[in-house]
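Protein chains in written order, with our numbering: chain A, 1 to 216; chain B, 1 to 216.
Just so you know, these hints were derived from the structure itself, not from any lab. Be a bit skeptical, because a hint or two may be false.
One copy or two, it doesn't matter: identical chains are merged, so the pair holds either way.
In silico SDA-like links for lysine to any residue, alpha-carbon gap of 25 Å or less [claimed, not checked]: (1) Lys-67 <-> Val-55; (2) Lys-67 <-> Arg-139; (3) Lys-67 <-> Arg-140; (4) Lys-67 <-> Asp-56; (5) Lys-67 <-> Gly-143; (6) Lys-67 <-> Arg-47; (7) Lys-18 <-> Arg-140; (8) Lys-67 <-> Ala-205; (9) Lys-67 <-> Arg-145; (10) Lys-18 <-> Arg-66; (11) Lys-67 <-> Thr-32; (12) Lys-18 <-> Glu-101; (13) Lys-18 <-> Ala-107; (14) Lys-67 <-> Arg-28; (15) Lys-67 <-> Phe-208; (16) Lys-18 <-> Ser-63; (17) Lys-18 <-> Asp-116; (18) Lys-18 <-> Glu-109; (19) Lys-18 <-> Ala-205; (20) Lys-67 <-> Val-45; (21) Lys-18 <-> Arg-103; (22) Lys-18 <-> Gly-118; (23) Lys-18 <-> Ala-43.
One letter stands for each residue in the lines below.
There are 2 protein chains.
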Amino acid sequence: MRVSELSSASGVPVATIKYYLREGLLPRGEVTTSANQASYGAAHVRRLALIRSLVDVGGLSISAVRKVLDAVDDPSVPLHQMLGATMETITPGPAGAEHDEYRARAADEIGRLIADRGWRVSGTSPARDTAIDVLATMRRVGGDRLAGLLTPYAAAVERIAEADLDTVSAVPDRDLRAEAALIGTVLGDHLLAALRRLAQENVSATRFAPPPPEST
Amino acid sequence: MRVSELSSASGVPVATIKYYLREGLLPRGEVTTSANQASYGAAHVRRLALIRSLVDVGGLSISAVRKVLDAVDDPSVPLHQMLGATMETITPGPAGAEHDEYRARAADEIGRLIADRGWRVSGTSPARDTAIDVLATMRRVGGDRLAGLLTPYAAAVERIAEADLDTVSAVPDRDLRAEAALIGTVLGDHLLAALRRLAQENVSATRFAPPPPEST
Numbered sequence: 001m002r003v004s005e006l007s008s009a010s011g012v013p014v015a016t017i018k019y020y021l022r023e024g025l026l027p028r029g030e031v032t033t034s035a036n037q038a039s040y041g042a043a044h045v046r047r048l049a050l051i052r053s054l055v056d057v058g059g060l061s062i063s064a065v066r067k068v069l070d071a072v073d074d075p076s077v078p079l080h081q082m083l084g085a086t087m088e089t090i091t092p093g094p095a096g097a098e099h100d101e102y103r104a105r106a107a108d109e110i111g112r113l114i115a116d117r118g119w120r121v122s123g124t125s126p127a128r129d130t131a132i133d134v135l136a137t138m139r140r141v142g143g144d145r146l147a148g149l150l151t152p153y154a155a156a157v158e159r160i161a162e163a164d165l166d167t168v169s170a171v172p173d174r175d176l177r178a179e180a181a182l183i184g185t186v187l188g189d190h191l192l193a194a195l196r197r198l199a200q201e202n203v204s205a206t207r208f209a210p211p212p213p214e215s216t
Numbered sequence: 001m002r003v004s005e006l007s008s009a010s011g012v013p014v015a016t017i018k019y020y021l022r023e024g025l026l027p028r029g030e031v032t033t034s035a036n037q038a039s040y041g042a043a044h045v046r047r048l049a050l051i052r053s054l055v056d057v058g059g060l061s062i063s064a065v066r067k068v069l070d071a072v073d074d075p076s077v078p079l080h081q082m083l084g085a086t087m088e089t090i091t092p093g094p095a096g097a098e099h100d101e102y103r104a105r106a107a108d109e110i111g112r113l114i115a116d117r118g119w120r121v122s123g124t125s126p127a128r129d130t131a132i133d134v135l136a137t138m139r140r141v142g143g144d145r146l147a148g149l150l151t152p153y154a155a156a157v158e159r160i161a162e163a164d165l166d167t168v169s170a171v172p173d174r175d176l177r178a179e180a181a182l183i184g185t186v187l188g189d190h191l192l193a194a195l196r197r198l199a200q201e202n203v204s205a206t207r208f209a210p211p212p213p214e215s216t
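Go ahead and model the full structure; you've got the sequences and the hints to work with.
As structure tokens, then:
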């Protein structure tokens, strides 16, 4: 199909499709016999849906989308590392995060957590740096009041990660598996955040609000 | 102290402080006897640290920060509702999310999940809408491949929310408690996302990578 038809099929405006083509997010269509005409197929429709979900729902920048799609499209990148590329998709600490006593202490805590739980993770993982930066900021702003959260959070994410990997491993096709890992990780953050608010509301209602009147 | 001193104490440039004052994020200082001079104190330093952490690490917009700080500053808002205000801080679905079969099905699934788990949550909770939008997008892009995630995610966030409320309830002062809830919820999303990447890396390494050589 032509660009105009790809636009109709995907619901994405022609100008936006051309922008994605220029930015290298969307592969060029096959060039057909007629000189300036490229032809697009179902794979392009699917890729557009993926890009829109990462941008609109995942809140990702175009450059973050390019990085993770490059990892998805490179068959030599193992799933293991592809998941690492999705680190690009969470807000990093501020550039030049303060290297103060809070950060040093947070680095110790995260290091101890990883050792205590026996996690096999790279010493240079960007996720580790982000965890340290966020924890340091929590302490800098909130003092020791939030100190008790780290262990229950670690226990919870272990179960989440098992479910994530179970789900992704069950997808037989390599390309679809990479896409599922990407969607699951990026949109999963948002699904978890929304479910967490609901669960907080429930715990708060259960602890602090009077029980609802019996329905009659 | 004067604005220039507040800038030194907080590390926030004077122009940024004046912007926050205009935007109503930072309360005006007390007006002293000398005509155009306002005086700032330790509460302003603390508030600036809170704003910076929400903007820099939490990735919040200025308008989102204003909304949640309004809830923090209003003593008539119960903690219960204050946590609800933090929904403003996660990326909402795209404006005018598609109301297609995927969304209808996702709404059913979230409704059933809430009923099955006995969660006491408002029928009009924005968190519910966000969960529905994200789940619908996951299905629209990923088909049924990610369907198994909802239940383990719900189980995990229940434990996270218990830890969140335990931590916040332990803070005796109302203002500090509201701040702790805000920091814990907003930065907690990012800490959870980073720890989730680490846990994924660990599960992935454990399942797919060869064991590390024994250290000698």
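Status of each hint after checking the structure:
1. Both within a single protomer and between protomers do Lys-67 and Val-55 lie at most 25 Å apart by alpha-carbon distance, with minima of 13 Å and 24 Å respectively.
2. For a Cα distance limit of 25 Å, the shortest separation of Lys-67 from Arg-139 across copies, 23 Å, qualifies, whereas the shortest one inside one copy, 31 Å, does not.
3. In this homomeric assembly, Lys-67 and Arg-140 come within 25 Å of each other (Cα to Cα) only across copies, at 22 Å, whereas the closest approach inside a single copy is 32 Å.
4. Both within a single protomer and between protomers do Lys-67 and Asp-56 lie at most 25 Å apart by alpha-carbon distance, with minima of 17 Å and 22 Å respectively.
5. Taking CA atoms no more than 25 Å apart as the test, Lys-67 paired with Gly-143 passes between copies only; the shortest distance there is 23 Å, against 36 Å inside one copy.
6. When the C-alpha separation of Lys-67 and Arg-47 is checked against a cutoff of 25 Å, the pair qualifies only within one copy, where the shortest distance is 14 Å, while the shortest distance between copies is 36 Å.
7. For a Cα distance limit of 25 Å, the shortest separation of Lys-18 from Arg-140 across copies, 23 Å, qualifies, whereas the shortest one inside one copy, 45 Å, does not.
8. In this assembly of identical chains, the alpha carbons of Lys-67 and Ala-205 lie at most 25 Å apart only when taken from different copies (22 Å versus 42 Å within one copy).
9. In the homo-oligomer, the alpha carbons of Lys-67 and Arg-145 lie at most 25 Å apart only across protomers (23 Å), although the nearest pairing inside one protomer, at 37 Å, exceeds that limit.
10. Taking the shortest Cα distances, Lys-18 and Arg-66 sit within 25 Å of each other inside one copy (15 Å), while across copies they are farther apart (37 Å).
11. In this assembly of identical chains, the alpha carbons of Lys-67 and Thr-32 never lie at most 25 Å apart, being 29 Å within a copy and 54 Å across copies at closest.
12. Taking identical chains as interchangeable, the C-alpha atoms of Lys-18 and Glu-101 are never at most 25 Å apart, the minima being 48 Å within one chain and 29 Å between chains.
13. When the C-alpha separation of Lys-18 and Ala-107 is checked against a cutoff of 25 Å, the pair qualifies neither within a copy, at 44 Å, nor between copies, at 34 Å.
14. When the C-alpha separation of Lys-67 and Arg-28 is checked against a cutoff of 25 Å, the pair qualifies only within one copy, where the shortest distance is 17 Å, while the shortest distance between copies is 43 Å.
15. With identical chains, the CA atoms of Lys-67 and Phe-208 are at most 25 Å apart between copies only, with a shortest distance of 23 Å across copies and 45 Å within one.
16. In this homomeric assembly, Lys-18 and Ser-63 come within 25 Å of each other (Cα to Cα) only inside a single copy, at 16 Å, whereas the closest approach across copies is 32 Å.
17. For a Cα distance limit of 25 Å, the shortest separation of Lys-18 from Asp-116 qualifies neither inside one copy, at 50 Å, nor across copies, at 46 Å.
18. Neither within a single protomer nor between protomers do Lys-18 and Glu-109 lie at most 25 Å apart by alpha-carbon distance, with minima of 47 Å and 36 Å respectively.
19. With identical chains, the CA atoms of Lys-18 and Ala-205 are never at most 25 Å apart, being 49 Å at best within one copy and 39 Å at best between copies.
20. For the homomeric pair Lys-67 and Val-45, the shortest alpha-carbon distance inside one copy (20 Å) is at most 25 Å, but the shortest distance between copies (38 Å) is not.
21. In this assembly of identical chains, the alpha carbons of Lys-18 and Arg-103 never lie at most 25 Å apart, being 44 Å within a copy and 28 Å across copies at closest.
22. Taking the shortest alpha-carbon separations for Lys-18 and Gly-118, neither the intra-copy value of 47 Å nor the inter-copy value of 48 Å comes in at or below 25 Å.
23. For the homomeric pair Lys-18 and Ala-43, the shortest alpha-carbon distance inside one copy (16 Å) is at most 25 Å, but the shortest distance between copies (51 Å) is not.
Of the numbered hints given earlier, the model fails hints 11, 12, 13, 17, 18, 19, 21, 22; all others are met.
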